[in-house]
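Undergrad: Read top to bottom, the protein sequences are chains S and W.
Numbering of the first sequence is given in our numbering, commencing with residue 1 and proceeding in unit increments.
Numbering of the second sequence is given in our numbering, commencing with residue 1 and proceeding in unit increments.
Hint data in this document are derived by calculation from the structure and do not stem from the laboratory.
This one's a predicted model, so the numbers in the text were calculated from it and none came from an experiment.
Among the hints, erroneous ones may be present.
[As the list claims (entries may be wrong)] In silico DSBU-like pairs for lysine-lysine, Cα to Cα no more than 35 Å straight-line: (1) S:Lys79 to W:Lys55; (2) S:Lys385 to S:Lys368; (3) W:Lys283 to W:Lys354; (4) W:Lys98 to S:Lys129; (5) W:Lys108 to S:Lys54; (6) S:Lys447 to S:Lys403.
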Amino acid sequence: MDYEAVIGLEVHIQLLTNTKIFCSCSAKFGADPNSQVCPVCLGMPGVLPVLNKKVIDFAIRLAIATNCKINEKSIIARKNYFYPDLPKGYQISQYEQPVCEHGFLDIPDNGETTRIGITRIHLEEDAGKSMHSESYVARDESLVDINRCGVPLLEMVSDPDFRSPSQVSSYLTKLRQIVRYLGICDGNMEEGSMRCDANISIRKRGETKLGTKTELKNMNSISAVEKALEYEIRRQIAVLEDGASIQQQTLLWNANKNCVEPMRSKEYAHDYRYFPEPDLLPVVIKQEWIESVKQSLPELPDVKKQRFIDDFALPEYDASILTDDLAIADYYEKLANNVKDKKAASNWVMGDVLRTLHENQLTISELKVTPEYLAEIIQLVEQDKISVKIGRKVFEICADSGKNPQVIIKEEGLVQISDTGELEQIVDKILDENPNEVDAYLAGKEKVIGFLVGQIMRASQGKANPKSVNEILKNKLESRR
Amino acid sequence: MTFANLDYSSKRQLFLNREIRCVELTEYYLNQIEQNKDINAFISVFPEQAIEQAKLVDSKIDKGEAGALAGMVLGIKDLLVMTNGTTTCGSKILHNFKSPYNATVIEKLSQQDAIFIGKTNMDEFAMGSSNENSYFEPVRNPHDKTRVPGGSSGGSAAAVAADLCMGSLGTDTGGSIRQPASFCGVIGLKPTYGLVSRFGLVAYASSLDQIGPFSKNVADTALLLQVLAGHDEKDSTSANIDIPDYSALLGKDVKGLRIGLPKEYFTGGVNHQVSDQIQKVIKELEQAGAEVKEISLPHTEYAIAAYYIIATAEASANLARYDGVRYGYRDENVPDLESLYVNSRTMGFGNEVKRRIMLGTYVLSSGYYDAYYLKAQKVRTNIKNDFDKAFESVDCLLTPTSPTTAFKIGEKVDDPLTMYLSDVFTVSVNLAGLPGISVPCGKDADGLPIGVQLIGKPFDEPTLLWAADFIDKRFN
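Bound conformation, chain S alone:
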């Protein structure tokens, strides 16, 4: 039987604000447990929340980037449940009238573009962290770290528009790229700054009624999401094929065992009793606010890609690789503005730059070859002062030492030999040493030129100007006819 999957996503995006959503504590990740807390985020008696405006700025940015409608008035609500990492006994969130609604994201899907609807984006505070099984936690005890409590989140809920795990993975990749471009989230799923829950059901292809769904949680990478969904699709098909029915439940992905496990029912059987938060006024977002965020909005990935194609005459493939990461795109752009051959610059970035980053596990900001240095190298090649091969050598040394390319060339004696007299001597010498190849050439086997050039380059330790070598070689060979 042929089945199709119906999948919807809830993505939690942890925002890169300096301070928490309702108090002035630092929102930074990784501090000592309970070192970034105050009476407000600890839920002490008598405290009141004050909304961090930056959170709304970030929500507006994401709304624009995902084509959402921004509600002029949105309501903040309390979501009630008991848990030790939730100090107030309720989470401040949104329910009716979220900050943004009705958007979409176009994602690449097997060479085509698929549109995924976005139901809503709402703001909320993160809860703290409970520690149960860490080595420093005693048996029969749990510890709570409140640092994360009150760190701002945007929850983005998609329509159930996904039909395959690969679409989900493409959407998450795209969304991660967008939030990084917007500077609102570092998109790090491993550290939990972007978290994804999935609702999934299957149905016979052609069927319009939805099947019973399960909810998948605890997937901390895009590939884990894909794997978990693939697993769950297989599991649901097997259940139906067995003649049994799917149970609505929450499942946790176990990355070690590569399977899903049901969550204990007590952990999710909630009636959250949402009601409007009386301590906070509705959030009012006037058109002027949206406009001012728009003015300061960074260029989005798709726009940048198109601009690279238009301005630098790059193939789509290059533009797409170069704009994948904002920092790389910035690097390329600085570089391209300083060299004539934009495509050559692209080749350098896609080749030597990315390989060096990958091999040494560096970020682009850690690369010692600044765009200015690389521009110099490329210019030297353009001006025939060095060969591409020498250029790559200079790049390698520069990546290692951080020295100015000019200095490297001087120190290593890498200046290209363009002096005709000197080159002629080398060519003569090589031709004298290889009479068989000369004869072969004269007999019409022009292929041997490659071999002879190689010999000449080696004799010059790579410094010979290849163009001049070719010219001189041909002349000398012809003169021996």
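Mind docking chain W on chain S? Use the hints.
TA: Relative to chain S, chain W alone:
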């Protein structure tokens, strides 16, 4: 001490002339508290800190640096957090709780050199109308110690009435300042919602709670409000408005003042001695040139129901944080997390608090939300509209504060519904966010105080204080 009944500005003159020192006055009040322990107005008293503070204020007076409330000795309802001592909220669950910070109002009063003598007794988490719901035993009415002082700010009202301090702070969610003020024969003001910062007020019902002063005369009420009022960026619901001079209209005659009598507040159900006395007040105002006319607040009959839905819904969330995990009472002998919650809360909260948490949880539950919470919010809007309409033709409204005078301790404890009806004249003011004040206007045959309530337009406390001052001076 003979100057107990002097208003603050007269006492201040004595301070400034060094005829009496703040330390002496503080000692006087500490002694008064000691002598009147049976009233049980205080949960905790700060003898050392108060004397220390008084010495500091005396030295400031000597240097000519005295703040606006220098030497004003105040009792603070134990629902307002202070780093001094404990903040119990009248509950076992917070019986040992020490706050790491001060409420905004405490900071403001401190800056003006007020002296805090102790934390006053109250109904647990401000839930009650008689002060019988305190974990620290009921407060007794100074006028008749077999009777209740009203609630929930009963300790604050009784302390001022018994001259245990010069003034006090209470909180009012459905009448918790005005009703005890009426029962104890003192002035109690519930300011407009948003006028006084709620930061550091332990929330019962956030959309209704307001902090306000008790005092023996309107001049002191105005003076205290002057310090308490104003925008606080820590409270998003606090209004950002220009603060007027609250003493400006005091003593002015009431000629031309337009007073509305809501007819729904003058039908049966009011004790005849109370209604007779209110009629006398009305006559007095008319004779002084005020224009008195009947108006209608047609949704009044739904107010109590709407109040007990909205207040308990908010309370069910506000009190969720008392779970035994981080602070407060905790049952240690538990097998699991669920039992930790259940046992700590079962043993930590009193019956009335548990009743209201359950009520509030119920009205917010899926399937009931629309029928209760949403409906109550609609009623609330209608009540607000009733007042708006009334204020098109009058400057303020006049009603009894409570249908009765102080009742006997134990009289209503087993009948929560009758108890809830003690708030029948006060809850609408909270639902509409308006200012209300209770002024003593005489006594019944048993010598128990009767209070008259004035209700004003939003942020029109100056008019309320003006009318209240007139009544206070004529009847006391």
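Undergrad: Each hint should be assessed against the structure and marked as holding or not.
TA: Each hint tested on the structure:
no.: 1; hint: S:Lys79 to W:Lys55; verdict: violated (49 Å)
no.: 2; hint: S:Lys385 to S:Lys368; verdict: holds (22 Å)
no.: 3; hint: W:Lys283 to W:Lys354; verdict: violated (45 Å)
no.: 4; hint: W:Lys98 to S:Lys129; verdict: holds (25 Å)
no.: 5; hint: W:Lys108 to S:Lys54; verdict: holds (29 Å)
no.: 6; hint: S:Lys447 to S:Lys403; verdict: violated (40 Å)
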